[in-house]
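Student: In order, the protein sequences belong to chains U and G. Counting from 728, one number per residue, gives the positions in the first sequence under the numbering used here. Counting from 661, one number per residue, gives the positions in the second sequence under the numbering used here.
Since the hints were derived computationally from the structure, they do not count as laboratory data. Computed from a predicted structure; not experimentally measured. The beta-carbon is built from N, C-alpha and C at its ideal position, and this holds for glycine as well. Errors might be hidden in some of the hints.
[Said to hold, decoys possible] Cβ-to-Cβ under 8 Å is the rule here; a few derived chain G residues that face chain U:
| id | residue |
| --- | --- |
| 1 | T932 |
| 2 | A1002 |
| 3 | A1006 |
| 4 | L1043 |
[To be verified] Reference listing, derived: stretches of chain U covered by chain G, where coverage requires no fewer than 3 residues with Cβ under 8 Å from a Cβ of chain G:
| id | stretch |
| --- | --- |
| 5 | 741-747 |
| 6 | 798-804 |
| 7 | 856-868 |
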Amino acid sequence: MLKFIETIEAFNRLLGRSAAWCAIGMMLCQVFSVVARYVFSYGIISVQEAVVYGHAFLFLLGAGFLLQTNEHVRVDIFYNMLSPRTRRWIDVVALSCFVLPVALVILWVGLPYAARSWATLEGSRQAGGIPGIFILKSAIVVFAVTVALQAVATLLRLLCRLPDAHWRSGTEARTH
Amino acid sequence: MDSLQLTFVSILFVVAFGSVLIGIPVAFALSGAALIVSVAAFAVGLFDVSYLAAIPSRIFGTAMFNEVLTAVPLFILMGVVMERSRVAEDLLVNMAKLSKRLPAGLGISVTLVGALLAASTGIVGATVVAMGLLSLPTMLKQGYRPSFAAGSICAAGTLGQIIPPSIVLVFLGDQLSGAYMEAQREIGNFSPDPVSVGDLFAGALIPGIGLAFLYMLYQFVIGILRPQDCPALPSEPDDDLPVLSLLGSLFPPVFLIVAVLGSILMGIATPTEAAGVGALGAFLLAGRRLASGTEDDDFDVPVIWGRLVSLAIAAALLLPVLRSSADLRLTLDVITIGNGIAIGLAMIATLLLTVGTGAAIYILARCGHLPNVVTGTMRVSTLAFAILIGATIFSLIFRSLGGDEVVTHVMEKIPGGATGALLAVSLLVFVLGFFLDFIEIVFIIMPIVAPVILQSDIDPIWFGILIAMNLQTSFLTPPFGFALFYLRGVAPPEVRTIDIYRGVIPFIGIQVFALAMVFLFPALATWLPSVLLGR
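Model the full assembly from the supplied sequences, consistent with the hints where possible.
Tutor: Okay, here's the thing in structure tokens:
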């Protein structure tokens, strides 16, 4: 089972760290677009859209990784006053009754949404845009799947008391 | 509206805030609570599952394909690069050296740097933590009274949200513009003047700078009245750099921030464009800073890379000059010799900029900063947008249950008309600020109350600025203020919690004064947008 968990986590880690590079891509595309538009008066819509793609991939593909490292923002005023045992139970409830259902519902409604887009290979609404809206919309499905898988992996760790660097008895919530 | 609806909307509120408060990650607490309540509502026939089908298109439209919000990761990238490459630290150190002859010079530098940097980070926690780590030890070593030092840092950390281009103002502007359109349509105005993020930036400038000025004035007065609370830096020989060279080192980052902000306020560039250029500028400054090398860095970068970066900076400055002095359109039919030369120069400058950008990225990679910079940007962006996604699902279900009618109904019951409703919302926001961060409040509360509030003749920009200042005050207020928690987390044990509480009280006084001024004189917030952007 540990192998199963570790596979999910390695995948999410890789995905999150790769998605992070979208930040550099966004910057380069945005500056390219600014120079082209303001200096040479030459607008290229697909490059401007690439910024939007980078933006969306950045946070959609990073969400599972952030769940793994327990970095999603929480209000810890009262949480920190509780015993480690209670905190662990809150985490179990959070993952099983909140994170997992939310991810599954997004998956449930996101699949047909992405499928409709794939059916027509939906392109940009603007002439000259990137013809890949269906890929962008599929990212919602990837977001839901990775968050759901990570929720399962972390739940297993918590329930089976497996070693864990980030969620250990909920002690190190929100330390940056 | 029937009582069953009211019951379910109330339950939704209680479950959502309850789960947020016990420490369930906010993004999932909001959306999960909404789902749980919607299942119950479905059971009694009050909710139709088909409403949920709108979730993906909402996520797509609100968070993903939203050009305004693409500015957010870019501003975060700019802030992270400045922080990691120690450009920010240099700024603070040099500012402190420059102002050491002033009473409370170090305190004043902290406020100034907080105002400047916060612009690019804008998340309270990040700024307070960074400033706390950077300046608190120095202040204490220099003999500052702990309460004065702690208060100055907390206040400087929250200043950043109100001073543009903070990312929370980007989010607030995005939410307000939607809410304002909706509200005006509701009362039959089908062509309202849209509110843009630029408008909000312009509106925030006078209150923000005014606050920074009031903070510094207070610190200056303390410096004169109680010099023992904030002693000056003891003179060291290597500190006696000529003022000019200090100013020279301050100039580049300040210029970058002013250029980014100025281009938005003058209406030249969109926030996204300015953010992209700002991030690149931060990369170039960081590359130059790291290539020049310092004793505490144990890597060396061949000089040539640093030169390339400097060339790129020069080229970047040349481009706007060329643009304004010649016609550079590539699509011209006839290209005169003068224009041809200008186009050639512009192409060379662009090439140099490209090479220099590559060099700057290479330098950051070589120094091992690049992976941290990108994952840092990804983290902050993801946690903000995860909350946006959660809040989107929450408000979708909230509205499906008739929550907006309930809110309208409740607000109509508040005495005092529009002003009464505004005060009630302000109080609500102030209290919520104890528990929730700016982004959460903007995402949860704005879509619920703003469409109702903005149906009266309340100016949307004025409303936004009041909310922003109100939240900033809330973050400073003991015992729950956010800034205080973050500082507590990084402060050494000899700074007692009560010192932090005592230290912020004068700053809260300043906040309340400034808030009252903006409330009484809305022109403080609305005049600049009307002049600059013709609102």
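Student: Checking each numbered hint in turn, tell me which of them this model violates, lowest number first.
Tutor: Number 2 only.
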